[in-house]
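Novice: What follows is each chain in one-letter form.
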Amino acid sequence: MNSGIVPISNLQLALSVILVIAAGAISAALRLGLLKALFWGTVRTFVQLTFIGYALKYVFGINKLWLISGIVILMCFIAARASVARTPNVPKYPVGLAFWSLLASTGLVGLIVVRVIIDPEPWYTARILIPIFGMILGNSMTGIALSLDRLYGEAYSRAGEIESLLAFGATPWEAVRGCVRDSMRAGMTPTINSLMVVGLVSLPGMMTGQILGGADPHEAVRYQIVVMLMIAAAVAIGCLLLVGFSYKKLFTADWALKSEILQSRR
Amino acid sequence: MMKKLLQIDNITYSTGINGRLVRVTTALEEGGILNVRGPSGSGKTTLLRIVARLKEAGEGSVFLEGRPWTEYSPVEWRRKVHYLAQKPAIFDGPVEANLKKPFELAAVKKEMRFTPERAQELLERLLLPTDLLTQDARTLSGGEASRLCLIRSILVDPVLLLLDEPLAALDRKAADAALGLIAEWVNARAGRGVLLVSHAGGMERLPSVAVLDIGEEEGDCR
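First to last, the sequence lines map onto chains A and B. Note that the first sequence covers residues 71 to 336 in our numbering. Note that the second sequence covers residues 11 to 232 in our numbering.
The calculated label-pair distances, taken between Cβ atoms and stated as ranges, are: (1) B/T149 to A/D324: 29 to 37 Å; (2) B/E86 to A/F315: 25 to 33 Å; (3) B/T149 to A/V271: 33 to 41 Å.
It is worth saying that the hints were derived from the structure and are not from the lab. Built from N, CA and C at the ideal position, the CB exists for glycine as well.
Isolated chain A (complex conformation):
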């Protein structure tokens, strides 16, 4: 079944620019004002991916645990920073908390995958570990951002209910339990939805990549199942950690709702 990779030559790669010129022509014709962004986007795609191609080749060649760990930590940090863009409701985005939540959830799930399930030799084989951690991070980054944003959104819109529970003698946790539940659900729903439709509506990028790379579809499918399930686990753990750490930030030291949460109501 292995038909091997059909390589893309430099000339063929250059030809792909035709595709983006088509997008540029549409932007120019309709005056979408996207020409500049499209140009720089194309340049950045070429530069960043070419660079990462060399970097990965180098890292795969060395294959040292300390180097791989450093890269994973850096990826977590970048993901923690990047998720801020998806949280318009959160006044002071906790990059530190997001980082630790991502590191813990990705680390736990990623290690289970590479040590117990795939188990390459050595277990920290960069060619396996880095793409696995990258896929987990890319998905849990979105998940935790969605759930954190929802937590604040719910707290704003239900400030009256939360304060009324506090007035009855609720602890902060009792007062926001309903909001936490909704925010966890918001973070996990996209992942659960993708578990439902995968293969029917979408062929995941990883699987497509393996198939294009010449792998047996059966093998690609096995990997994809592991990937889907590990993403579901990592998103759940990441959301739980971040929301669990963050809900206390809605309250003052005296267990009252912070004034900025109430202001949207008053």
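Please build the complex by placing chain B on the supplied structure of chain A, with the hints as guidance.
Specialist: Same frame as chain A, now just chain B:
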């Protein structure tokens, strides 16, 4: 001589758009009702929220039964000093579930249980039909919702009730019934008290009402 239930000592906060400084020193005896009055934006709601520890005061302290508020945990304090906001807080579900809501909290659960008979009695007292219990609470009118919330606050049996305009959404008859219930509640057992923000008439009919005016002028309110 009556025992002092609440002592508000030099509580200071700013209020309104121009940040007018308000300084309040007052006291309330057991069985007493303190009617807090003042124009809109004069800081009546803020005072109640500070006393409930839902908002921080600039300075000053509050004593309940002779003990300063710092000696109580926020949960202990709010179990005794209960604030009812003007805007009714309604949760999803029927009226009965709304009345039961506080009884799901650990601090309430360990002290008391929800008794449907008492809830029905209070509904009747406030001129609400008892079949309201099964109705979706989100469909209540403003006046019904504010009476539901008053009943819920009385059910959890605090020591001090902080009521923010509980009569504002009520018609004359319902307001009279609510005021009667408040007066009866405060005297039904020793050691209770009410801070009542209200502009409704009929206060003079209540026993032992004192008035605290938070006026426009700068300075101390006593």
